[in-house]
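A.B. asks: Each chain, letter by letter, is given below.
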Amino acid sequence: MTRFLAQYGSQIATLTMEHLWLTSAAMLFAAAIAIPAGIALTRSPGWARPVIGVANVLQTIPSLAMFGFLLPLPWFGERAARIAIVALTAYALLPILRNTYAGIRGIDPAVLEVARALGLTGRQRLFKVELPLAASFILAGLRTATVTCVGIATIAAAVGAGGLGELIFRGVASVDNRLVLAGAIPAALLALAADGILGILEKLTTVKR
Amino acid sequence: MSAAIEFRDVSFATREGRPILDSISLALEEGSVTAVLGRSGCGKTTLLRTVNRMIEATQGEVLVRGESVASTDLIALRRSMGYVIQETGLFPHFTVERNVGLVLEAQGRPRDERQARSRELLHSVGLAPDAFSRRYPHQLSGGQRQRVGLGRALAADPPILLMDEPFGALDPLTRAEMQDMLQGLLARLRKTVLLVTHDLDEALYLADRIALLHEGRLVAHVPPEEFVRSAHPKVRAYIGAFHRGERSREAQR
Chain H
1 MTRFLAQYGS
11 QIATLTMEHL
21 WLTSAAMLFA
31 AAIAIPAGIA
41 LTRSPGWARP
51 VIGVANVLQT
61 IPSLAMFGFL
71 LPLPWFGERA
81 ARIAIVALTA
91 YALLPILRNT
101 YAGIRGIDPA
111 VLEVARALGL
121 TGRQRLFKVE
131 LPLAASFILA
141 GLRTATVTCV
151 GIATIAAAVG
161 AGGLGELIFR
171 GVASVDNRLV
181 LAGAIPAALL
191 ALAADGILGI
201 LEKLTTVKR
Chain E
210 MSAAIEFRDV
220 SFATREGRPI
230 LDSISLALEE
240 GSVTAVLGRS
250 GCGKTTLLRT
260 VNRMIEATQG
270 EVLVRGESVA
280 STDLIALRRS
290 MGYVIQETGL
300 FPHFTVERNV
310 GLVLEAQGRP
320 RDERQARSRE
330 LLHSVGLAPD
340 AFSRRYPHQL
350 SGGQRQRVGL
360 GRALAADPPI
370 LLMDEPFGAL
380 DPLTRAEMQD
390 MLQGLLARLR
400 KTVLLVTHDL
410 DEALYLADRI
420 ALLHEGRLVA
430 HVPPEEFVRS
440 AHPKVRAYIG
450 AFHRGERSRE
460 AQR
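Chains as they are written, first to last, in our numbering: chain H, 1 to 209; chain E, 210 to 462.
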């Protein structure tokens, strides 16, 4: 055990950091796309079904196939990390989009009405009322998306994007369970940590009524 | 002198063409309290909402101090009138103090001014500022919430107050306390009030004029004393719907 750690320890650390970087980059992109899109959908709810439908379809694409699809594309295919980040972003869109939309739509209509009637501008209503009241929902979406992406990111190693999946794939190829676990355990811990931290944030932003 | 609020031949129909308001003409004097009575669905809330353009009249015009609301800047228009509704619509994520000061916050006024004003208003709606400033809406009773809602409506000292069934959800004792508090406040502040209610007693107690709407039409607009004596069948029917228990007991005696 100690010998194994001495041999692979620094590699596990590097790959964990890589894993973390792939996932966080994807989450940032996904949030930057899905939160504004979710807000926009609340302004024109007619679009909600088709747009959320598309995000839904993206989510049903098997992850290995998704990485494979992106491989031959010109700019993306050049760097494996790009492929991984794009694919992970695609998976993360749905939960964030859906929760942003549902969170804002779920606000007590009387509160929104008063916000309008008191003369708050559209921007003030968004930042002072709608986003704070929907924050816990949006964070719940981010949390689901993050946990899913930490898992899916292990498959990114299949296209050479690195991350903890590399150890898992090598372990499977060389029939070495220690290597499989060396990838799987840190990945599981990452998922648990993300779940815990975002869960706390979610609780902090929950508004009692 | 121009009226504080004037409805000129105001009609409103839904997009499907269902008429809600049918050529209403009505003038509210500066500093007066006008109660609008009528059964649910008669258009009273719609009428109130045309004043701050939460609803745009499909015909006719609404004038506030002689100016058509349609040509007034929407945000400025809404900030010039307080708005109180039955569900209060308090912001659940803000403290009582911030709820009350929100209009001033939206206007970009400095924090200490907002705090001072908020304390002053809590005091005038009968809530001890030290005990209530830091609380959140879910920590208040229905009556206390309604008081905060009223304080918030008064924050920017608007000349007009629009009140839609403000005390409709309260028990009779709390409602009576609120009516007294409002009456006291109005005696001091002199606001033009448009009060939508279906409580005849509340209208008689608080209003200088009573308007009765029936199926989108104005059937009466008179002082309370005249309202109770009116021979108009719709007014008689409305008044007849109250105190039925008392009357039936008296008849048995």
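Derived by calculation from the structure, the hints in this document are not laboratory data. Careful: at least some of the hints might be erroneous.
Unchecked claim - Short, incomplete list of chain E residues facing chain H, as computed with Cβ under 10 Å:
id	residue
1	R258
2	G275
3	V278
4	A279
5	S280
6	T297
7	F303
8	A315
9	P319
10	H347
11	P368
12	L409
Backbone N, C-alpha and C fix where the C-beta goes; we use that ideal spot for every residue, glycine too.
A.B. asks: Compare the structure with each hint and give your call.
C.D. replies: Tested hints:
no.: 1; hint: R258; result: holds (8 Å)
no.: 2; hint: G275; result: violated (20 Å)
no.: 3; hint: V278; result: violated (13 Å)
no.: 4; hint: A279; result: violated (16 Å)
no.: 5; hint: S280; result: violated (17 Å)
no.: 6; hint: T297; result: holds (7 Å)
no.: 7; hint: F303; result: holds (8 Å)
no.: 8; hint: A315; result: holds (5 Å)
no.: 9; hint: P319; result: violated (17 Å)
no.: 10; hint: H347; result: holds (5 Å)
no.: 11; hint: P368; result: violated (14 Å)
no.: 12; hint: L409; result: violated (25 Å)
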